[in-house]
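Chains as they are written, first to last, in my numbering: chain A, 1 to 344; chain B, 1 to 344.
No lab work stands behind these hints: they were computed from the structure.
For glycine and all other residues, C-beta sits at the position ideal for the given N, C-alpha and C.
Possibly wrong hints are sitting among the right ones.
With beta-carbon atoms standing in for the labels, derived distance ranges [unchecked claim]:
#: 1; chain 1: B; residue 1: R86; chain 2: A; residue 2: H284; range: 43 to 51 Å
#: 2; chain 1: B; residue 1: E27; chain 2: A; residue 2: E307; range: 20 to 28 Å
#: 3; chain 1: A; residue 1: E307; chain 2: B; residue 2: E179; range: 50 to 58 Å
#: 4; chain 1: B; residue 1: A297; chain 2: A; residue 2: T289; range: 48 to 56 Å
#: 5; chain 1: B; residue 1: V330; chain 2: A; residue 2: S291; range: 33 to 41 Å
#: 6; chain 1: B; residue 1: E307; chain 2: A; residue 2: T45; range: 42 to 50 Å
#: 7; chain 1: B; residue 1: A297; chain 2: A; residue 2: A114; range: 38 to 46 Å
#: 8; chain 1: B; residue 1: A297; chain 2: A; residue 2: E27; range: 43 to 51 Å
#: 9; chain 1: A; residue 1: V17; chain 2: B; residue 2: H26; range: 34 to 42 Å
#: 10; chain 1: A; residue 1: T289; chain 2: B; residue 2: R22; range: 39 to 47 Å
#: 11; chain 1: B; residue 1: E14; chain 2: A; residue 2: H26; range: 46 to 54 Å
#: 12; chain 1: A; residue 1: T29; chain 2: B; residue 2: Y30; range: 40 to 48 Å
#: 13; chain 1: B; residue 1: G70; chain 2: A; residue 2: S291; range: 50 to 58 Å
#: 14; chain 1: A; residue 1: Q23; chain 2: B; residue 2: A341; range: 52 to 60 Å
Computed footprint of chain B on chain A, listed as stretches where at least three residues anywhere in the stretch have a Cβ under 8 Å from a Cβ of chain B [what the hints assert, rightly or not]:
#: 15; segment: 183 to 190
#: 16; segment: 197 to 203
#: 17; segment: 212 to 223
Number of protein chains: 2
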Amino acid sequence: MTDSSLAPVRWDGEALVLLDQRQLPHEETYLRCTDHAEVVAAISTMVVRGAPAIGIAGAFGVVLAARAAGKVSEGRRADYLQAALRALREARPTAVNLAWAVDRMATCLASAGAELVAALTEEAERIFDEDLAANHRMGDLGAALLSPGARVMTHCNAGALATAGYGTALGVIRSAWREGRLAEVFATETRPWLQGARLTAWELQRDGIPVRLITDGSAAHVMRTRGVAWVIVGADRVAANGDVANKIGTYALAVAARYHGARLMVVAPASTVDLSTPSGEAIHIEERTPSEVLEVAGTRFAAPGVEALNPVFDVTPADLVDVLVTERGVLERPDAAGMAALMA
Amino acid sequence: MTDSSLAPVRWDGEALVLLDQRQLPHEETYLRCTDHAEVVAAISTMVVRGAPAIGIAGAFGVVLAARAAGKVSEGRRADYLQAALRALREARPTAVNLAWAVDRMATCLASAGAELVAALTEEAERIFDEDLAANHRMGDLGAALLSPGARVMTHCNAGALATAGYGTALGVIRSAWREGRLAEVFATETRPWLQGARLTAWELQRDGIPVRLITDGSAAHVMRTRGVAWVIVGADRVAANGDVANKIGTYALAVAARYHGARLMVVAPASTVDLSTPSGEAIHIEERTPSEVLEVAGTRFAAPGVEALNPVFDVTPADLVDVLVTERGVLERPDAAGMAALMA
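For reference, chain A alone in the conformation it holds in the complex (with noise of 0.2 Å):
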């Protein structure tokens, strides 16, 4: 189903197996998950990350959940479905990508007959096509607007390994290169996970890509004095005015960038695009526990009683996004109508 020797979700006919990114990039191990249940827990605790991967995820929860619904009593079974399903949908909060995969296996599932498990499955595979055919077509209408010899700068990991392959941002990037046009990438190692350290830096070397890490907090610095043109990254929820939920991290990026005259493309399928919700505002901004910020691979750092805050994504403003690549094509300076437009 992908093209890529990384396979962060994939099924295989009878579970969802899952690369467990946490234990990347020193141990590839593979999570298989027989349950819903267990789906659930692998989204909530960072096995399987990026918004459209758990997406993909959730929807494949949703093909065990209605296989294990086969064995519960017939009066339980749509409470067993629907519980199942919300277990799903709120393993994380920001993502849209996640809620719409689920409700999009939902109405599957509502309308399919006898075949259930077999409809849901061919849904969920459909999804999962779909994401990998979106990453190709954004991957080449992102790097059609980079000239020859870009410095780009990324952020968190929005490649492979969050997507069905070969990624949003790192879509863009992958196919920048191919066509010639990219001289470096500056990864930003993306605390509190180190997404850029672990995932981004490791998906770039594999195929050749000249990457440098670099700390969260030399991104301005680099940015002044390396002559970045592009921030590209990925997102985890567009509200209908355009403003982008994404990593902790994007809207320090997103102020730079201007600041410096660097241009921040978002790269997100329409998966990604929640009209839904107005604006950044109305967006849950997920907080993790504390100590992801007060220990380093459990290693504790910060005295005992310091405390910490740890929100894990931010809202970027629609006026701080350059360009919105869709696979449904380019926005540039998204706002509500731009949105409308492109998603109608």
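Here the structure of chain A is known, so what remains is to put chain B in place on it, guided by the hints.
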């Protein structure tokens, strides 16, 4: 000599005793330096850090060199001392306080008579005492600028640990807290060395000042959502035009503060001002080993072969500095004329 239980740099009459800041906050280990080469090593490996503190350490390093020079044959003594001065002066490149303190000791050395070691010890102790007094003065001047109930953000550690005691940025925060002007401090963790997590949060918590740790990447989001009025930082070098070199990440905070209407206060003693450096462009920005980015506390996160860029300071242009606080007074919107008047 200090009014705090924190004694990061202390002369015990025979040796320079340094609190090993690499082990904080978990262990309070002291390193006793009895020759100047140990002081050079302690500065370059960051046993002692913070621009004023490494200046003081360098000054006592000269005392140790002069004492050892007494045992060197008279014909080689001058060369020995010159080599020691140079090694101390160059132990780290960016903070000017180190060069300033070593040069001041060299002047004392040139004019001292028979009681050379005694004269140098007195001079080094004077540098220490002046720094402590400057911190208290700057604390009062800076705190007076804050409105009651202020939420502030600080970066790295510009505290008692970075100075003779009390601190520059944290001196202002301490004074503001005592005067009831402070609601809360957000301390950025400050990768790659995590001085915010390890040192600043610890220092403030010891004093009962409310502090929450945040990742560097979340600072702009926290400014936007939590009503931060001031970003208060120290400096490693202030150029003649008011440009400020400070810990990597300061520039990003300055850009974000300007975007949000928060104000940037740089707190630094006059010994940090270098009128011989015309602007930030002339400041040598130290780059340290990539392993500081690729690893956290000895644990490697990036895949083998991944490269990193590790500039550990950046330059904030004067036009992003709202206020420079020195012991000589407060300078709003520093520029060349204002700097010259301040230092006259």
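Checked hints:
1. R86/B / H284/A: 43 to 51 Å: Between R86/B and H284/A, where Cβ atoms are some 58 Å apart, the hint is violated.
2. E27/B / E307/A: 20 to 28 Å: 22 Å Cβ-Cβ, so the 20 to 28 Å window holds.
3. E307/A / E179/B: 50 to 58 Å: Given range 50 to 58 Å: violated, Cβ gap about 23 Å.
4. A297/B / T289/A: 48 to 56 Å: Roughly 19 Å apart at Cβ, these two residues miss the hinted range, so it is violated.
5. V330/B / S291/A: 33 to 41 Å: Since the Cβ atoms of V330/B and S291/A sit about 40 Å apart, the hinted range of 33 to 41 Å holds.
6. E307/B / T45/A: 42 to 50 Å: violated (30 Å)
7. A297/B / A114/A: 38 to 46 Å: At 58 Å between Cβs, range violated.
8. A297/B / E27/A: 43 to 51 Å: violated (20 Å)
9. V17/A / H26/B: 34 to 42 Å: About 40 Å separates the Cβ atoms of V17/A and H26/B, which means 34 to 42 Å holds.
10. T289/A / R22/B: 39 to 47 Å: violated (27 Å)
11. E14/B / H26/A: 46 to 54 Å: Check passed, 48 Å falls within 46 to 54 Å.
12. T29/A / Y30/B: 40 to 48 Å: Holds, since T29/A and Y30/B (Cβ atoms, about 43 Å apart) stay within the stated range.
13. G70/B / S291/A: 50 to 58 Å: holds (54 Å)
14. Q23/A / A341/B: 52 to 60 Å: holds (59 Å)
15. 183 to 190: Our answer is that it holds, as 4 residues pass the Cβ test (under 8 Å) against chain B, meeting three.
16. 197 to 203: holds (count 4)
17. 212 to 223: It holds, with 11 qualifying residues against the three required.
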